[in-house]
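K.L.:
Required output: the full structure, derived from the provided sequences and hints.
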Amino acid sequence: MDYAFNWRVVWQNWDFLISGITLTLGVTAASLSCAIVIGLAVGLMRLSKKGLLRRLAMAYVEIFRNTPALVQLIWVYYCLPVLVGINLDATSACIVALSTNGAAYVAEIFRAGIQGVPPGQVEAARSIGMSYGETMRKIILPQATRKMIPPFVNEAVSLLKYSSLVSVLGVSDLTYQAQVLSTTTFRPIEIFTFIGVVYFLVCWMMSSAAQVLERRLAVSDR
Amino acid sequence: MSNKESLPMVRIEKLRKSFGSHVVLRDVSLDVRAGEVLVIIGASGSGKSTLLRCINMMEVPERGRIFVDGQPMGQHKDDGSFTVFPDRVLNEKRAQIGMVFQSFNLFAHLTVLDNITIGPVTVKKTPPAEARELAMALLEKVGLAEKADSYPSRLSGGQQQRVAIARALAMKPKLMLFDEPTSALDPELVGDVLATMKQLAEEGMTMIVVTHEMGFAREVADRVLFFHQGDMLEEGTPEAIFSNPRHQRTQDFLRRVLPAPGAPCRPAPAPTAYIGKAAC
Ligand SMILES: Nc1ncnc2c1ncn2[C@@H]1O[C@H](COP(=O)(O)OP(=O)(O)O)[C@@H](O)[C@H]1O
Ligand SMILES: [Mg+2]
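Protein chains in written order, with our numbering: chain A, 1 to 222; chain B, 1 to 280.
Since the hints were derived computationally from the structure, they do not count as laboratory data. Since the model is a prediction, treat every value here as computed from it, not as a measurement. Among these hints, one or two may not hold up.
Partner residues are not named here, just some residues of chain A that face chain B (Cβ under 7 Å, in silico) [claimed, not checked]: (1) A112; (2) Q115; (3) P119; (4) I128; (5) M130; (6) S131; (7) G133; (8) E134; (9) P142; (10) Q143.
In silico DSS-like pairs for lysine-lysine, Cα to Cα no more than 27 Å straight-line [stated by the list, open to error]: (11) A:K138 - B:K125; (12) B:K77 - B:K125; (13) B:K93 - B:K147; (14) B:K172 - B:K77; (15) B:K124 - A:K138; (16) B:K147 - B:K77; (17) A:K49 - B:K77; (18) A:K138 - B:K77; (19) B:K147 - B:K125; (20) A:K49 - A:K147; (21) B:K147 - A:K138; (22) A:K147 - A:K161; (23) B:K14 - B:K174; (24) B:K93 - A:K49; (25) A:K50 - B:K93; (26) B:K125 - B:K93; (27) A:K138 - B:K172; (28) B:K174 - B:K77; (29) A:K50 - B:K77; (30) B:K93 - B:K174; (31) A:K138 - B:K93.
Note that beta-carbon positions come from the ideal geometry of N, C-alpha and C, so glycine has one too.
P.N.:
Pasting the structure below:
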């Protein structure tokens with residue numbers, strides 16, 4: 001192997017790459033936040049006593065889990081405007097697609113977490129007169145959250161990685177900026193190695209933070 | 001307890017409940033006076049828990065009428081059918097009825113103190129400082145003040161159950177329902193819980209207690225009710241039920257749960273505790 005690395009290309013285009021990182025993190029954060037809200041709603045529907053709500057939620061989860069994220073993304077961007085008449089710019093379309101996709105997984109995390117709380121906890125809360133909402137917020141979710149942290153961080157990490165798909169719509173995320181730089185500088189090896197490391201570091205830091213948090217919460221059980 | 005004779009604390013009329021095709025409560029009618037301690041005994045599966053759970057609407061009855069302190073617990077239709085109140089109304093009613101479970105069900109993520117304050121603070125909007133004061137007084141009463149900052153997982157079963165009683169009392173209930181409160185406890189821990197319940201009875205709390213502790217029933221109950229296949233078969237004073245049961249089924253049941261005459265007694269109860277254990 002006699003490839004001569006030239007890492008200068010990374011430093012020379014630092015700002016350009018940083019703008020990509022910023023956009024990647026922004027899209028991921030926005031999608032994750034929406035995914036939590038939608039996912040909580042879908043997860044609660046999934047546990048509803050009403051059959052219709054439960055089936056709707058189940059259909060939602062199945063559809064998103066059994067189609068490729070890239071197809072969902074392209075569908076939201078190109079098909080939704082034609083079918084519904086909503087025109088989204090590429091970045092918004094990405095956030096919509098990633099949130100709805102993430103929500104399907106988040107819903108399952110919420111469902112499993114909530115179901116993991118012993119039913120006696122709900123009974124005790126309802127028997128002292130707490131409402132369904134109060135019971136959820138003060139009794140069930142705080143207990144479920146602990147068990148949900150690891151799968152939830154997994155989901156955040158996959159969302160971050162999925163966000164690289166948005167480059168196909170021309171959204172200037174980290175991956176897209178790397179593609180642009182590669183074609184202009186002819187240095188794809190350095191550039192894609194660099195962004196690989198960046199993706200790794202961000203994902204790895206998220207996982208590590210989650211481990212610390214999980215340990216902290218476990219301590220308060222003592 | 002003088003003027004309370006007129007209006008029962010609990011009135012149940014022709015209460016019916018089925019799970020699928022299985023009729024669990026067969027038109028049960030029952031009055032419980034204010035300040036009365038009613039003990040319900042009966043074989044497993046006879047519907048005792050379901051009866052308690054219908055009183056605070058944890059289970060929705062099919063037909064019949066239930067009143068607690070004169071107030072209907074559901075919308076009673078003229079044709080006898082039953083619909084639940086909307087949640088907001090129901091929650092207000094439930095807040096007045098304490099329930100103690102076989103498995104304690106303390107909130108695992110909250111300290112003992114927070115377990116007790118969460119009800120008053122969330123449901124009754126009691127100021128936190130006031131709720132803490134009340135909680136400490138109740139912990140004092142059940143003898144667990146020093147455990148205020150512990151998490152439930154650190155307590156013995158008997159301690160957890162006494163905290164659960166304190167949690168229910170923090171709502172200042174008019175009525176307390178106990179569903180086999182000592183059945184999940186090691187024998188040496190039963191005494192403390194029964195002692196707490198006895199104290200509560202002496203203070204005039206209206207209590208409906210499902211239990212297999214015949215010693216407790218004998219000593220504390222005003223009335224004992226024998227439940228069989230979804231209906232009460234026999235009721236009376238503890239004396240009448242235990243010494244002179246009329247029905248064959250009651251006799252059979254009592255023979256199974258009471259130690260035979262001359263059989264060795266259970267080990268002595270814990271030191272601080274209640275003494276009237278079993279029929280020794
Ligand atoms: N949620 C439920 N669904 C179906 N059957 C139930 C349910 N709860 C209780 N049962 C049935 O109702 C009957 C009475 O139960 P229960 O009231 O718990 O009796 P007990 O407390 O006297 O042991 C039992 O046969 C039980 O299997
Ligand atoms: Mg039972």
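K.L.:
Any of the earlier hints contradicted here, and which numbers?
P.N.:
1, 2, 3, 7, 12, 13, 14, 16 and 18
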